[in-house]
Amino acid sequence: MDTLILGLPVAYYIAMVAKVLVAFVFVLLTVAYATYAERKIIGHMQVRLGPMRTGWHGLLQPIADGVKLFFKEEIIPSQASKFAFLIAPLVALIPAFISFAVIPFGDSVTIGGYTVPLQIAAYYDQAGKQVFDVNVGVLYILAMASLGVYGIVLAGWASNSKYSLLGGLRSAAQMISYELAAGLAIISVFMLSESLSLHKIVADQAGGAWYAFKQPLAFVIFFICSLAEINRTPFDLPEAETELVSGFCTEYSSMKYAMFFMAEYANMITVCAVTTTLFLGGWHGPAFLPGWFWFIAKVYFLIFVCMWVRATYPRYRYDQLMRLGWKVFLPLTLVNVMATGLWVMFISK
Amino acid sequence: MIMPLIKGLQITISHMFKKPVTLQYPTERPDVKPGFRGLHALNVSHDKAKCVACYLCPTVCPAKCITVEAGEDANHDKYAAKYEIDMLRCIFCGYCVEACPVDAIRMTEQFELANYTRADFTYTKDRLLEKK
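Taken in order, these protein sequences are the chains called A and B.
When the count follows full-length UniProt numbering, it moves up by one through the first sequence with no breaks and lands on 349 for the last residue.
When the count follows full-length UniProt numbering, it moves up by one through the second sequence with no breaks and lands on 132 for the last residue.
Among the clues, some could well be false.
[What the hints assert, rightly or not] A few chain A residues that face chain B, going by a derived Cβ cut-off under 10 Å, partial list only:
hint, residue
1, R48
2, R53
3, Y313
[Unchecked claim] Output of the computed footprint for chain A on chain B, the stretches with three or more beta carbons under 8 Å from beta carbons of chain A:
hint, region
4, 21-29
5, 119-126
The set of hints was computed from the structure by calculation and includes no laboratory data.
Don't be surprised by glycine CBs; every beta carbon is placed ideally from N, CA and C.
Starting from the given sequences, assemble the full structure and let the hints guide the process.
Written out as structure tokens, the structure reads:
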């Protein structure tokens with residue numbers, strides 16, 4: 001136990017690998033079954049059944065879909081830029097997964113005398129004292145979320161198709177109109193908690209009210225902006241606007257196509273996890289169930305809300321989306337930041 | 001602007017608790033309503049088709065999918081020696097049924113008409129008589 005590798009005990013590395021594996025499997029399983037849940041939930045909201053054939057009530061559908069996508073023919077357009085075309089799905093997928101490094105799934109668990117924090121990028125020493133934690137967790141997540149768009153733009157450009165290119169560029173423009181409002185919405189949370197560490201933000205919400213109640217406007221705006229940032233309906237403009245081609249992924253087939261959608265669903269989980277952490281008190285809940293359970297329950301509830309929104313609203317037009325971002329959300333979040341600042345300066349102190 | 005958005009969400013969530021109307025088709029069969037216009041059938045009377053080859057049905061047919069050729073039997077009565085319907089052209093309007101003066105043709109409740117070859121969509125007199 002006391003053997004040190006690069007100044008850290010072996011148990012540290014074991015805990016790290018275990019945490020990464022658990023988080024990765026959790027995200028992969030949720031991605032697979034989110035596609036199933038989406039089809040079922042939207043089906044029922046439209047008074048239909050959704051998948052029913054494969055397995056009991058269609059439960060094996062994600063596996064059947066996966067097998068099918070693996071065996072589909074791979075098509076690469078002859079004039080496409082091959083390297084960029086192949087790398088684009090990975091560029092979209094990887095940032096979606098690595099955001100999970102800083103999300104706290106729970107407080108900590110004790111395994112073999114070691115206190116292991118339920119956050120991948122965090123480590124406690126034997127005494128239970130925090131050795132390191134990413135103290136700029138939110139900035140890291142914002143940075144990773146913006147990287148995903150490179151995959152989409154790259155896919156659009158590399159396909160050598162006008163539909164794809166337009167889809168990719170639309171995605172870039174959409175990003176610009178939403179990042180600012182989303183960032184400003186989070187700033188009010190920082191002002192209240194005086195920290196960028198997700199762990200500290202969750203800890204701050206333990207005693208009092210969740211930030212969703214203290215900052216309802218920021219909560220709603222952040223959630224809507226997140227939907228736009230991850231290209232979910234009603235803001236799935238990179239995929240299609242009025243035309244019915246699939247935008248940046250028009251030329252993609254089989255597993256490469258699936259990877260874009262894995263990235264979309266993984267992003268959805270990330271966004272719901274971040275919203276839970278920032279606004280819904282993270283892993284806090286009634287004590288009779290473990291913290292991670294409450295965290296996952298809240299995340300799944302938010303994923304359900306994403307699907308509910310998808311079943312309800314029609315797709316926004318491009319100019320409507322821009323107007324919403326620049327003319328409605330940006331001023332609102334600026335006012336919110338100012339009001340929070342005044343409150344922090346004059347009332348809470 | 002916000003109230004209609006919330007109302008929309010309310011409507012979709014309320015639908016979630018309604019009984020789905022989906023029919024699990026190959027295992028559950030749809031309930032075909034009276035008056036449904038499916039595949040044609042030639043009515044039979046005294047062991048032969050009622051059709052007297054008056055040509056009213058091919059005349060009235062807007063899709064020109066019916067081909068009739070008249071013949072004469074041992075009693076010097078006119079009958080349809082050839083009666084063919086090209087189902088690829090038929091629009092299931094039912095005009096042939098309404099035009100027929102002797103009630104020789106009707107429309108059945110059969111709606112599964114998919115086939116693999118073009119020839120299989122041509123319903124000859126024999127095939128139409130089989131559908132009693």
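Going through the hints against the structure:
no.: 1; hint: R48; verdict: holds (5 Å)
no.: 2; hint: R53; verdict: holds (9 Å)
no.: 3; hint: Y313; verdict: holds (7 Å)
no.: 4; hint: 21-29; verdict: holds (count 3)
no.: 5; hint: 119-126; verdict: violated (count 0)
When the structure is compared with the earlier hints, a violation turns up for hint 5 alone.
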